[in-house]
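There are 2 protein chains.
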Amino acid sequence: MEGRSEGWFETKEMDIRSMPSSRHASLPYRVGVPPKQNFWTEFSSTVKETFFSDDPLHSFKDQSRSRKFVLGVQAVFPILEWGKRYNLKKFKGDLIAGLTIASLCIPQDIGYSKLANLSPQYGLYSSFVPPMVYALMGSSRDIAIGPVAVVSLLLGTLLQNEIDPIKHPLEYRRLAFTATFFAGITQATLGILRLGFLIDFLSHAAVVGFMGGAAITIALQQLKGFLGIKNFTKKTDIISVMQSIFSSAYHGWNWPTIVIAAAFLVFLLVAKYIGKKKKKLFWVPAIAPLVSVVLSTFFVYITHAEKKGVQIVKHIEKGINPASVSEIYFTGDYLLKGVRIGLVAGIIALTEAVAIGRTFAGMKDYQIDGNKEMVALGAMNIAGSMTSCYVATGSFSRSAVNYMAGCQTAISNIVMSVVVFLTLQFFTPLFKYTPNAILSSIIISAVIGLIDYNAAVLIWKIDKFDFIACMGAFFGVVFASVEIGLLIAVSISFAKLLLQVTRPRTAILGKIPRTNVYRNIQQYPEASKVPGVVIVRVDSAIYFSNSNYIKERILRWLTAEEEQLTAAGLPKIQFLIIEMSPVTDIDTSGIHALEELLRTLQKRDVELVLANPGPVVMDKVHASKLASLIGEEKIFLTVADAIQTCSPKFAEEV
Amino acid sequence: MEGRSEGWFETKEMDIRSMPSSRHASLPYRVGVPPKQNFWTEFSSTVKETFFSDDPLHSFKDQSRSRKFVLGVQAVFPILEWGKRYNLKKFKGDLIAGLTIASLCIPQDIGYSKLANLSPQYGLYSSFVPPMVYALMGSSRDIAIGPVAVVSLLLGTLLQNEIDPIKHPLEYRRLAFTATFFAGITQATLGILRLGFLIDFLSHAAVVGFMGGAAITIALQQLKGFLGIKNFTKKTDIISVMQSIFSSAYHGWNWPTIVIAAAFLVFLLVAKYIGKKKKKLFWVPAIAPLVSVVLSTFFVYITHAEKKGVQIVKHIEKGINPASVSEIYFTGDYLLKGVRIGLVAGIIALTEAVAIGRTFAGMKDYQIDGNKEMVALGAMNIAGSMTSCYVATGSFSRSAVNYMAGCQTAISNIVMSVVVFLTLQFFTPLFKYTPNAILSSIIISAVIGLIDYNAAVLIWKIDKFDFIACMGAFFGVVFASVEIGLLIAVSISFAKLLLQVTRPRTAILGKIPRTNVYRNIQQYPEASKVPGVVIVRVDSAIYFSNSNYIKERILRWLTAEEEQLTAAGLPKIQFLIIEMSPVTDIDTSGIHALEELLRTLQKRDVELVLANPGPVVMDKVHASKLASLIGEEKIFLTVADAIQTCSPKFAEEV
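Those protein sequences? They're chains S and W, same order as listed. Position 163 of the first sequence, counting from 1, maps to 163 under this note's numbering, and the rest follow consecutively. In short: position in the second sequence from 1, add 654, done, that's this note's numbering.
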């Protein structure tokens, strides 16, 4: 990285031998061998590029000690930095956005807590403490923090595999707090160890499929409330749910419930449609859920529909979050289970939050430090687990509303948090007559947005392998369970990476007419091959995982060409040129493979020629003495230079 | 792959608009968009390249049905194919080689079975059946089959973690056969499913380290026999072993044993040295072990040294392999343990055998089908597990002797097998007075060859990361255990691959003086940057695992350049050219990253230009409409073409 500034516009005096005056001069340009690097320089630059690629200490350079301390505190609490520039105009934006997302989150929270098999107040709790903590520590200006559908479902599924939430509600809740605690620890640890890049291993395609599948699963779960069914399966796969629904048809369905649910679902969807058509009316879908709750509650209250079998919320605990530090399992069997569940839920929550953070930061063109963001999310969940919250993260739908309502900073989260506080303190009794069906309708209309049909179509168009990952995750979630879907998504993502490093592409190059450029003859069918020469480009670093394959693949190209030549009665191949431009690195196995290739070629009377090896490769080719085995004079800067030497007649024909 | 023959020496008539008459014409050459590929063509070619890259059915093409059947049988039993050309001259070579490796393997077998905590005859059994089966099915002509030191140690360690071999010898033996059976199943399955490439994931460096560590561990274990210690630790780490040795010093050491062992170790090492110096005398180290056994046995017999505390073999069961099918655990707790141990031992055995097969095939220039080879090795271990053998594989040292003794085909294994048969049938009583110390000396002198000091030095020179993997595996085995060492080796190997796909290299390019070539300015410091243009080369496919990093890294390059320019008071950057030659593939996340990059650049008033995208990338850039977002006219064949358009003045200066 050093020395980058050299070479600016200067034309230096150079050794004339290594500098032919024109491309077509007889002396080819020598391939540069980079200066030998010290092991520690090399090692530390790799470490830096891996873990500190964003240069987080850039602003700390050349500062006094006290200034460094201030910067350090500001790094942990960005609010101290941007708070100084906060003003009334910004607050106006934040206030409106905060009120809007509060009206959206309150009914959602109550519904989502059911997905996690917890009482409704826990959803509200999770919209009180975590947003506060995030506002102090987070760096995204647009994210809206709170419980979200997918994480609630995931947590609920994983937890009920361990403890029955109906038979042992206390143990279940304690395990939930334990999982939340370790979700926070996981997130903060990834951030502190600067391992944030690990979440990039969940590919976009897999996330699209997983989210879509989770949305379907969540919507299906809502049919319980929507149809007023009392005995519902605990499984989440589509087959069990459908069986459960149809076996309870007629006698198990409650018609007043269905009428209320359907009417309000239509209302919510129309509101959503309006918001989509006219961006200015974004507030219509944003306040529609609260309006539905108020209207339906009032309706049930005056008609006493609860006596006709319409299930209602009945009771939400009044008052703010009780402390729950003592409920976390720090010992015993459940500790390990909590760690495992927290790890999975924490990573999925991270994926969602980081994706949101990046998206909106890109739209407003500001930077987000992924690792710092993870520390903030982790801290907020750790704090949450001690105050009766379950895993919170950034919500896609609420963040979009927050953005459209004109939020300026994380203060909008504080506004929302204050509204939730007031609700918990004073308004929970008002929810007594809220029908469960309305919560189901709200959740259904919310999760529909997670099914990204257009993204799936685009994935199909761009990359078929990605599409398989996407569909694998989708069907895994829908037909098996969220865990299976997640497992499929991760496995396919990894398989793709491993495939890339195991079976890299190779291509035969030809000369593009009337130029000096050699390119893949599949992409440029007009390119012509050079008689007596095979030019192969290897499209990957040569590592232990692919060195054997590459060696054998090159020999296979050579054999195929020779068979064609023999069939056509043409002279045999004399040179094999390997275009090394894409070969960015080589390891010991790769060097061995090249040595073996060289030996085999010598037996076949074919000369091995290298074109344009990069700095790392040149370094290693020299370190291993392979350079002298091949012959320094057979390593060229470009394929054109190599052809100039191997087949001068052809080169001149142009 | 089709259409490869087009373009041979022809100069086609081309559309004149897309074909400038010279490199420097004003109209740049258009980047080729490959014809749209059918999904199934693409998918099947990927599958073919992944699993059938060696085109195993090549010879089956255009053959009659009966011929296909014959070819199929020959594919499973290659002996039917090469057997036809077998003659007396070849047999002479095989006979000598077979006798030589037999003399070497008999004492080794007896020693190695102790490493596996089994009675001596099981080592001999394993040198009788498996080589026979391999000779019928294998395709390597030089490999010598039988028990080997590292696999014996690994198996012994893994098995004694489950069952105590002294307290429960029967169960221990049964579990050993179970593990052997599943080792065979693992090997055959990998071969049949054509997943042979999976063993390439164990890097050469890791194998060097692991083997070296295992050799040290094995040698340390031999100190028990060498020093005549009776109470010896069961652990294999160097610290426990050293404690065990020093705590029994003086009172526990047996001096007559040490004298015999040391004398013969010197003899063996001298023989080894002679064999190394004069290639013609290869038979000296090959028969030295048998000579030592004969001499030492005779010596003990006449001096009755066993009464002075020199431990002897005492008893080897007479007769050939008893059947053991009924001893394999097909149900119960031990089944799963057997599967797990078999999996690990099978894969390590494979790694060794395949490496040997490849090495010698390369030296004699014949082809080996790795997958077929795995089926042969698997079949031989399955057969072995039913006839009281434990895991056998190819031995490095014996294969080298086999090769040097002039073996021609796998018949040398049959010769060896026959000698072992005769030994089992008639000569086992002769080993009664063989001192254990001599076996220890033989094993020590054999495993010393596994410590490949030169390879480690070369690894250090070529690739520091590989060296870390090598040392990790080495110290893991020496200081912890073989399993830990193996785990470290595999983990570091994988970490390296993941690092490669997560943090690819990028480079800033400059123009090499008086050429039209743009190269890494770190490798060619004389290259000059183009005013107002930043040229970045991305050295990897752009996938979900690195798309964010690449986007941010490119922006970081741009920012750094701009900071320099501002400091120098020079005009700002107008163009960012991404040289895409090494970008062999891009997925949906990669396309999204480029879109985001484009948007950010637009905000900064910098134009994005692409140079030389490959066929796959062009295809996807078009499928996703990114091409029209960037502008077709901003995608060039070469960086030179792009500069020609972006900075015509600079391009003409040359």
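Don't read these hints as lab results, they were simulated from the structure. Virtual Cβ for every residue (Gly too), placed ideally from N, Cα, C. Watch out, some of these pointers could steer you wrong.
Simulated pairs of lysine to aspartate or glutamate, EDC-like, Cα-Cα distance not exceeding 16 Å [what the hints assert, rightly or not]:
#	chain 1	residue 1	chain 2	residue 2
1	S	Lys432	S	Glu317
2	S	Lys634	S	Glu607
3	W	Lys991	W	Asp818
4	W	Lys1279	W	Asp1259
5	S	Lys364	W	Glu816
6	W	Lys1257	S	Asp365
7	S	Lys337	S	Glu483
8	W	Lys991	W	Glu981
9	S	Lys634	S	Glu595
10	W	Lys1226	W	Glu1216
11	S	Lys48	W	Glu1206
12	W	Lys991	W	Glu1206
13	W	Lys722	W	Glu735
14	S	Lys234	S	Glu317
15	S	Lys603	W	Asp1019
16	S	Lys235	S	Asp164
17	W	Lys1118	S	Glu42
18	S	Lys464	W	Glu981
19	W	Lys1018	S	Glu596
20	S	Lys461	W	Asp818
21	W	Lys889	W	Glu1286
22	W	Lys1115	S	Glu162
23	S	Lys337	S	Glu162
24	W	Lys702	S	Glu552
25	W	Lys889	W	Glu981
26	W	Lys743	W	Glu696
27	S	Lys572	S	Glu562
28	S	Lys337	S	Glu327
29	S	Lys230	S	Glu162
30	S	Lys572	S	Asp605
Stretch by stretch, here's where chain W covers chain S in the computed footprint (C-beta under 8 Å, at least three residues) [claimed, not checked]:
#	segment
31	492 to 502
32	518 to 524
Hints versus structure:
1. Lys432/S x Glu317/S: Holds. Lysine 432/S to glutamate 317/S sits at ~11 Å (cutoff 16 Å).
2. Lys634/S x Glu607/S: Roughly 9 Å between the alpha carbons, so the hint for lysine 634/S and glutamate 607/S holds.
3. Lys991/W x Asp818/W: Given that 16 Å is the threshold and the Cα spacing comes to 14 Å, the pair holds.
4. Lys1279/W x Asp1259/W: violated, 21 Å
5. Lys364/S x Glu816/W: violated, 60 Å
6. Lys1257/W x Asp365/S: Status holds; Cα separation ~8 Å.
7. Lys337/S x Glu483/S: At roughly 15 Å apart (the allowed maximum being 16 Å), glutamate 483/S and lysine 337/S satisfy the hint.
8. Lys991/W x Glu981/W: holds, 15 Å
9. Lys634/S x Glu595/S: Between lysine 634/S and glutamate 595/S the Cα gap is close to 15 Å, so the pair holds against 16 Å.
10. Lys1226/W x Glu1216/W: Given pair lysine 1226/W, glutamate 1216/W holds - Cα atoms ~7 Å apart, limit 16 Å.
11. Lys48/S x Glu1206/W: holds, 15 Å
12. Lys991/W x Glu1206/W: Distance of about 48 Å is beyond 16 Å: violated.
13. Lys722/W x Glu735/W: holds, 13 Å
14. Lys234/S x Glu317/S: It is violated: about 25 Å lies between the C-alpha atoms, which goes past 16 Å.
15. Lys603/S x Asp1019/W: Status holds; Cα separation ~8 Å.
16. Lys235/S x Asp164/S: Roughly 13 Å separates the two Cα atoms, so the pair holds.
17. Lys1118/W x Glu42/S: holds, 9 Å
18. Lys464/S x Glu981/W: violated, 49 Å
19. Lys1018/W x Glu596/S: holds, 12 Å
20. Lys461/S x Asp818/W: violated, 59 Å
21. Lys889/W x Glu1286/W: With a Cα-Cα distance of about 67 Å, the restraint between lysine 889/W and glutamate 1286/W is violated, given a limit of 16 Å.
22. Lys1115/W x Glu162/S: violated, 52 Å
23. Lys337/S x Glu162/S: holds, 8 Å
24. Lys702/W x Glu552/S: holds, 15 Å
25. Lys889/W x Glu981/W: Violated. Lysine 889/W to glutamate 981/W sits at ~27 Å, over the 16 Å cutoff.
26. Lys743/W x Glu696/W: Violated: lysine 743/W and glutamate 696/W sit about 50 Å apart, past 16 Å.
27. Lys572/S x Glu562/S: Holds, because 7 Å separates the two Cα atoms, which is no more than 16 Å.
28. Lys337/S x Glu327/S: holds, 15 Å
29. Lys230/S x Glu162/S: Roughly 23 Å between the alpha carbons, so the hint for lysine 230/S and glutamate 162/S is violated.
30. Lys572/S x Asp605/S: holds, 10 Å
31. 492 to 502: holds (count 8)
32. 518 to 524: holds (count 6)
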